[in-house]
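Residue numbers (the UniProt record's numbering), protein chains in the order written: chain A, 1 to 449; chain B, 1 to 449; chain C, 1 to 449; chain D, 1 to 449.
Don't read these hints as lab results, they were simulated from the structure. Warning: the hint list may mix true and false statements.
Copies of one chain are not kept apart here, so a pair can be met inside one copy or by any two copies together.
Below, in silico cross-link-like pairs of lysine-lysine (PhoX-like), each with a Cα-Cα straight-line distance of 25 Å or less [as the list claims (entries may be wrong)]: (1) K285 / K240; (2) K189 / K330; (3) K189 / K27; (4) K430 / K27; (5) K189 / K5.
There are 4 protein chains.
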Amino acid sequence: MKNNKIKIVTIGGGSSYTPELIEGFIKRKDELPIKEIWLVDIEDGKEKLEIVGNLARRMVKEAGLDWEVHLTLDRRAALKDADFVSTQLRVGLLDARIKDERIPLSHGMLGQETNGAGGMFKAFRTIPVILGIVEDMKELCPNAWLVNFTNPAGMVTEAVLKYGNYNKVVGLCNVPIMHTIKESEMLGKNPEELFFHYAGLNHYHWHRVYDKEGNELTLDIINEMFNGDNKVVENISGIKFMEEQIRDLEMLPCAYHRYYYMHDDMLHEELEEFKNNNTRAEKVKRVEAELFELYKDPNLKVKPEQLNQRGGAHYSDAACEIISSIHNDKRSIMVVDTRNNGAVTDLPYDSAVEISSYITGSGPKPITFGKFNAAARGQIQLMKAMEELTIEAAVTGDYGKALQAFTINPMVPAGTVAREVLNELLIAHKDYLPQFKDSIEKIEEGKLK
Amino acid sequence: MKNNKIKIVTIGGGSSYTPELIEGFIKRKDELPIKEIWLVDIEDGKEKLEIVGNLARRMVKEAGLDWEVHLTLDRRAALKDADFVSTQLRVGLLDARIKDERIPLSHGMLGQETNGAGGMFKAFRTIPVILGIVEDMKELCPNAWLVNFTNPAGMVTEAVLKYGNYNKVVGLCNVPIMHTIKESEMLGKNPEELFFHYAGLNHYHWHRVYDKEGNELTLDIINEMFNGDNKVVENISGIKFMEEQIRDLEMLPCAYHRYYYMHDDMLHEELEEFKNNNTRAEKVKRVEAELFELYKDPNLKVKPEQLNQRGGAHYSDAACEIISSIHNDKRSIMVVDTRNNGAVTDLPYDSAVEISSYITGSGPKPITFGKFNAAARGQIQLMKAMEELTIEAAVTGDYGKALQAFTINPMVPAGTVAREVLNELLIAHKDYLPQFKDSIEKIEEGKLK
Amino acid sequence: MKNNKIKIVTIGGGSSYTPELIEGFIKRKDELPIKEIWLVDIEDGKEKLEIVGNLARRMVKEAGLDWEVHLTLDRRAALKDADFVSTQLRVGLLDARIKDERIPLSHGMLGQETNGAGGMFKAFRTIPVILGIVEDMKELCPNAWLVNFTNPAGMVTEAVLKYGNYNKVVGLCNVPIMHTIKESEMLGKNPEELFFHYAGLNHYHWHRVYDKEGNELTLDIINEMFNGDNKVVENISGIKFMEEQIRDLEMLPCAYHRYYYMHDDMLHEELEEFKNNNTRAEKVKRVEAELFELYKDPNLKVKPEQLNQRGGAHYSDAACEIISSIHNDKRSIMVVDTRNNGAVTDLPYDSAVEISSYITGSGPKPITFGKFNAAARGQIQLMKAMEELTIEAAVTGDYGKALQAFTINPMVPAGTVAREVLNELLIAHKDYLPQFKDSIEKIEEGKLK
Amino acid sequence: MKNNKIKIVTIGGGSSYTPELIEGFIKRKDELPIKEIWLVDIEDGKEKLEIVGNLARRMVKEAGLDWEVHLTLDRRAALKDADFVSTQLRVGLLDARIKDERIPLSHGMLGQETNGAGGMFKAFRTIPVILGIVEDMKELCPNAWLVNFTNPAGMVTEAVLKYGNYNKVVGLCNVPIMHTIKESEMLGKNPEELFFHYAGLNHYHWHRVYDKEGNELTLDIINEMFNGDNKVVENISGIKFMEEQIRDLEMLPCAYHRYYYMHDDMLHEELEEFKNNNTRAEKVKRVEAELFELYKDPNLKVKPEQLNQRGGAHYSDAACEIISSIHNDKRSIMVVDTRNNGAVTDLPYDSAVEISSYITGSGPKPITFGKFNAAARGQIQLMKAMEELTIEAAVTGDYGKALQAFTINPMVPAGTVAREVLNELLIAHKDYLPQFKDSIEKIEEGKLK
């Protein structure tokens with residue numbers, strides 16, 4: 001372990017997840033020599049920042065630690081000389097997510113936080129903000145690691161690598177962790193007894209599983225999947241996959257593959273929720289309101305149990321673990337978003353992938369996964385192309401590029417309807433899409449239809 | 001030109017296209033030293049073979065040629081010592097095509113001869129028959145070229161290369177020819193004045209266009225596309241593409257790209273036709289009945305004008321041209337389905353592509369096209385993977401593989417509905433799908449649902 | 001054919017090759033509507049420019065043509081509005097080539113115009129000059145084609161593409177032409193009756209040969225090679241290849257492969273010539289002196305027969321042919337140096353290759369060659385890497401890069417001796433290597449040894 | 001740790017290295033639940049097997065262990081139900097190695113155990129024997145891991161993967177270990193404090209080094225290399241590399257790179273040794289004779305210190321470590337020869353590479369290294385092609401293939417001299433080259449020269 005005390009900055013510090021993050025740091029107090037934690041938010045998030053920031057302070061105090069917890073709206077002051085910067089911001093807050101879900105559904109197409117039309121708009125809103133943070137980091141803390149768990153985490157990571165030209169970035173997601181926990185349970189084993197080999201893209205990866213004796217257990221888990229229940233993460237339906245298709249795949253899908261493998265079924269389920277004003281975003285908004293009520297209680301000095309029901313469990317803990325793994329050169333395996341470098345043969349060398357990686361003091365070193373079979377290969381190559389177009393549209397504000405991304409996204413029905421949804425979303429989110437200003441004006445003037 | 005007289009065998013000789021083929025040979029009588037033409041069909045096609053075969057004989061006689069025109073149901077007798085074998089068969093005849101179109105549409109998904117669920121079933125029915133022909137060829141005419149224009153022409157070509165292990169195969173389609181003619185007209189030029197560079201897959205390719213002075217005219221044609229009408233081939237709707245998306249593509253799409261770029265719009269148009277019992281297959285069946293009535297007329301001694309309305313114009317002429325180009329080492333450019341060999345960097349080296357090729361006596365040499373941009377790359381990589389799975393399912397009869405192909409095909413909504421349509425099509429076509437016998441029985445017994 | 005009259009500029013116009021170039025234009029007078037030919041040279045070449053330029057004028061006049069033949073030392077005046085620029089310059093003239101050959105040989109290593117230590121130094125001297133011409137062209141004739149036949153033609157082409165960022169460049173060599181002529185003769189055929197498929201790098205390519213009937217004749221030519229004589233080009237020894245190795249290769253080597261496949265034997269032959277002051281450069285210098293004596297004769301009005309003995313026969317004719325093929329959109333096949341674009345799968349996508357290409361008005365379109373077998377693949381990948389390093393060293397003047405290129409060049413024995421030869425050549429050529437000024441000074445001061 | 005007791009078989013058990021191997025097992029007695037160790041040798045090695053086998057028994061007894069140590073000439077009896085098979089055999093013993101070194105040197109070319117002409121002949125003799133072992137393993141212990149440290153370890157591993165179709169194979173070498181130890185010392189650090197990232201081929205790899213803080217120390221080590229001494233392994237000269245070339249490389253070379261980067265200097269050093277009958281093989285033969293004298297001493301019950309001078313220190317220990325790492329799913333990093341799978345982008349996907357790998361119960365998972373710069377890329381691609389040809393020649397006995405491998409090997413001067421050395425080595429080793437029987441007869445009859 002290194003001696004120097006470290007400074008950690010969390011952008012979007014007013015998030016409801018912050019207590020899990022603080023808990024994660026406290027759990028690692030013996031391995032992370034923290035001096036300062038800076039929780040940063042914007043004017044619109046000031047109230048939440050105060051609430052959750054004060055809870056964070058109570059938690060740190062309760063743990064008997066002398067860490068400084070700073071709450072600020074001044075991002076640049078916070079970033080100065082930081083060692084690690086984590087980003088957990090949500091541009092436009094949950095109201096924007098509600099639009100990402102409801103507008104596509106109102107046209108009969110799937111709406112989802114990170115997939116389809118909604119996911120692309122989350123990228124359009126988020127990527128320019130993250131690139132702004134990266135510009136500040138280059139100036140104020142050029143040796144800091146950026147630990148991103150803002151969705152869409154894979155596209156954000158690729159944007160930072162390609163357009164931010166910043167290499168010390170790692171993206172994170174809780175889905176691999178959830179699969180590891182759930183499938184270990186299925187097999188009656190501890191996760192440590194198994195080797196999970198993940199590869200793919202954020203929210204679009206597969207894995208294979210091996211035991212200590214070297215046996216591949218992938219098929220055993222597939223068998224279990226079609227015996228027991230299928231639900232892995234809180235925020236995705238537990239609808240069953242089709243058995244023969246998964247067996248043909250010869251790998252384990254992730255929970256999000258339901259949107260692609262069971263698209264039609266998922267759509268019908270979501271349309272039902274849409275009618276009942278009960279889309280995921282709407283549920284989450286209610287849960288968050290309750291959480292902030294809890295957080296206000298001055299007697300609350302630990303992370304409340306209810307946060308685990310929020311849907312992003314293990315996210316913040318993963319962020320703490322990657323910070324500790326890099327800081328301490330832990331040489332453990334984590335699943336992260338990082339530059340491909342050939343680890344996934346079928347994807348471009350310079351793209352971001354989500355992959356089991358060996359974490360060292362110099363960052364993640366992806367473990368070679370090799371070639372996919374045709375079914376996985378074709379789909380992931382399409383998804384990566386869609387990501388590339390989406391990122392480019394997010395950076396440039398080019399309308400044709402955005403329409404192209406909509407056209408090839410397998411969750412968006414191609415054609416006039418795609419264009420209508422694109423236009424409606426551009427208008428709905430216009431406050432957060434300065435790069436698309438010209439196109440939005442043309443739409444409003446009826447010149448782009 | 002070589003001296004030896006040649007023997008040409010046409011499998012599916014009873015097709016309504018045969019008069020165009022015969023006309024094509026007659027037009028090339030000075031460059032093609034034909035001795036025998038064998039028109040082969042199966043018992044079910046015997047009547048049509050007689051009708052069209054007799055017309056063929058009248059056409060040859062009218063042209064003052066001494067070519068022998070043989071009509072036979074004995075494929076092996078025909079293949080013996082052939083120089084060129086062309087395949088234009090349709091397993092299950094137009095009734096099968098009607099099912100390929102109507103069954104998917106009855107579930108609200110696009111049905112089409114070569115795309116989506118219907119196209120995959122055409123592959124399932126056709127590939128085993130073609131591989132059987134190839135086995136006969138290896139024995140009876142191992143130096144003959146197989147000129148395939150049976151759809152799906154790209155998948156058939158790849159199946160012959162990979163599973164038939166037969167290299168002297170070339171696939172053909174009339175779509176590039178139609179684009180070349182139409183777009184030359186748009187520019188007010190002769191096709192010979194322009195260089196059309198095509199690359200992609202059968203019914204899924206793009207092209208760029210250059211004039212003799214070396215200027216790229218791709219953008220000029222895009223401009224024209226959004227001024228004038230868009231219709232290129234008889235059998236595909238002329239619905240307009242979305243301008244900004246095509247401009248972003250920076251290449252010209254083919255007519256079939258409408259199914260992918262304007263999917264939702266095309267679906268609605270087809271659903272209307274479905275309701276009116278007027279799908280393309282139903283129309284074609286009516287046209288063909290009329291054609292055969294015409295063909296019966298003993299006074300008809302040339303290809304009737306009405307055939308040009310049939311939808312496959314230039315198909316058979318292309319077959320004659322490739323036969324002449326190979327036989328005469330013509331060194332001209334044609335767009336054919338052939339082994340990739342790196343010409344399309346983004347697709348597997350050993351796969352079949354449809355590409356502008358230099359035609360020599362030793363076959364087509366594809367002209368390097370290079371890398372696609374992200375939008376084209378992602379989609380074509382998905383399509384190729386779908387083709388690989390479809391071909392493998394066609395060869396093996398593996399149900400999981402077929403379901404996988406359905407799952408990743410962008411024209412099939414993934415999930416339970418895909419499985420229902422798969423099962424319904426398997427039952428509907430069971431007479432032509434011996435390789436799927438076991439799975440079909442299970443479906444019928446309610447064991448696969 | 002286009003209407004506009006064209007302006008052709010030849011840099012290095014004082015070359016002894018110029019009469020072949022002029023003859024080539026005259027032969028094509030009906031297809032090339034030439035208005036002006038500008039022969040450009042530098043102060044040091046002024047006398048030769050006058051001699052050969054006047055011969056050129058006599059040749060044009062003798063042919064009854066009204067073309068203007070301008071002789072000038074003002075490159076920028078010449079380039080203004082040019083349509084085609086050909087480069088046939090030799091930085092440092094033949095005296096530099098003598099050093100390229102004799103200095104390596106004095107250390108017991110092969111010295112050659114385009115291979116080994118000498119070839120790398122020719123690149124070091126030439127590339128900066130060509131890049132200077134390209135900068136002028138971007139300003140003065142940005143639509144002109146650069147037709148380069150200055151050696152090393154492949155590296156020069158790659159430098160123009162990568163560092164000059166100029167796409168309208170094509171490199172040429174006479175070796176493929178010589179092989180085509182020689183091997184057609186071996187088979188008793190006309191070149192037009194055969195399809196020669198070449199691929200590789202300049203002076204490092206292989207080919208396969210097919211007849212009009214589609215038979216591959218590669219093996220037939222190998223058989224002939226080991227029956228008859230082996231000599232293909234004037235400037236390379238006719239020493240026999242090793243039969244079993246060539247048979248294992250399953251392709252035909254080029255004449256220059258002797259330096260790599262028969263290295264030790266070639267070295268011994270060259271050392272003998274070195275002792276006798278009869279290296280190729282020394283011979284050529286004598287031949288050139290004789291040629292210029294001939295050229296002075298005011299009665300000489302055609303290309304003298306003796307030039308054909310010079311060693312570069314067909315070079316200039318190829319330049320004329322590529323100019324005509326591009327200008328007239330001839331759609332013929334020529335072997336040129338052009339951007340790979342995947343045509344040679346085993347080499348980097350963006351590198352220059354020498355390959356059979358379809359020549360259109362928009363330039364050469366390489367015909368896909370595909371993968372090499374291991375023997376060819378490994379060597380050409382090494383050679384390409386060496387070329388990349390050499391070009392980078394030529395552009396940057398980086399000593400370590402130059403030493404690296406020497407280290408991996410298979411014609412240079414690695415180690416201290418390589419460094420000694422590198423240093424000696426840097427000193428010897430210092431007038432033509434401004435980019436290496438700092439390193440040369442250090443060598444002279446004994447600081448780099 | 002697993003419960004079952006394990007059976008380890010060592011082929012070439014009579015090797016002088018066996019005491020290090022036994023010591024390695026004894027050191028790991030708490031993690032390796034050994035039941036039986038079988039030392040296998042052939043008739044010619046019987047005496048050595050007895051001597052070293054009895055020492056092994058004394059060592060085990062001295063350590064207070066109940067392991068059975070079997071000595072046998074019956075390979076199949078030994079292999080039955082083995083868990084791990086290690087191979088440390090030397091076909092033809094040290095006398096063959098002496099020929100591998102002296103015959104090339106007698107023609108003025110480098111002779112070396114694993115490089116150049118000698119190394120290729122070691123492959124020719126060894127690969128068929130190893131493939132025979134693999135055939136036995138498939139039958140008798142199909143789940144056993146083959147741990148190969150017979151040289152050339154990389155080519156042997158590739159042969160087992162490609163021609164043996166056996167996946168549970170791992171190759172080992174001590175060179176990376178020696179570099180890790182030496183360079184850690186240079187930096188005044190423990191190896192555990194650093195991350196060494198190796199990639200390349202056996203005896204032809206490079207590495208980069210990072211500290212726990214994430215700083216790359218590669219350049220620091222290069223600086224040290226040119227300050228202090230350069231010697232890393234006993235068996236390779238400590239001659240200095242050229243500083244500018246190594247700096248340009250931006251990676252650390254391995255000791256064996258001297259044969260390629262300093263070829264000429266190494267050759268002169270070896271020619272001196274050749275004259276003095278003091279080549280490495282001759283030295284080793286003397287050392288081994290002394291070692292066996294020591295081993296005979298019934299009072300010797302531990303590995304004698306002198307073995308550490310033998311040159312292969314850490315080899316056997318690495319074998320014990322990989323066995324333990326796989327058996328115990330240790331999840332540590334080791335440098336092994338394994339299937340590439342894209343880890344080294346520039347080499348064929350299915351080839352064997354030597355690379356830092358994460359060792360699990362299901363074998364090594366290579367850590368992605370990515371692309372090399374041009375200098376490293378070109379050379380390693382050539383070396384891999386040479387390896388492929390050598391392996392194919394070893395398997396098929398094809399003379400042309402062997403001559404091709406000689407032609408492209410950068411340590412063999414191409415041409416007639418290569419052929420002479422090839423022929424002389426074929427004759428010299430004919431007892432161990434049954435696959436080349438026909439060619440050897442032709443050489444002896446003067447029909448191949």
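Results of checking the hints against the structure:
{"no.": "1", "hint": "K285 / K240", "verdict": "neither (27 Å within a copy, 41 Å between copies)"}
{"no.": "2", "hint": "K189 / K330", "verdict": "both (23 Å within a copy, 17 Å between copies)"}
{"no.": "3", "hint": "K189 / K27", "verdict": "within (24 Å within a copy, 30 Å between copies)"}
{"no.": "4", "hint": "K430 / K27", "verdict": "neither (41 Å within a copy, 62 Å between copies)"}
{"no.": "5", "hint": "K189 / K5", "verdict": "between (37 Å within a copy, 22 Å between copies)"}
In the structure shown, a violation is registered for the earlier hints numbered 1, 4, in ascending order.
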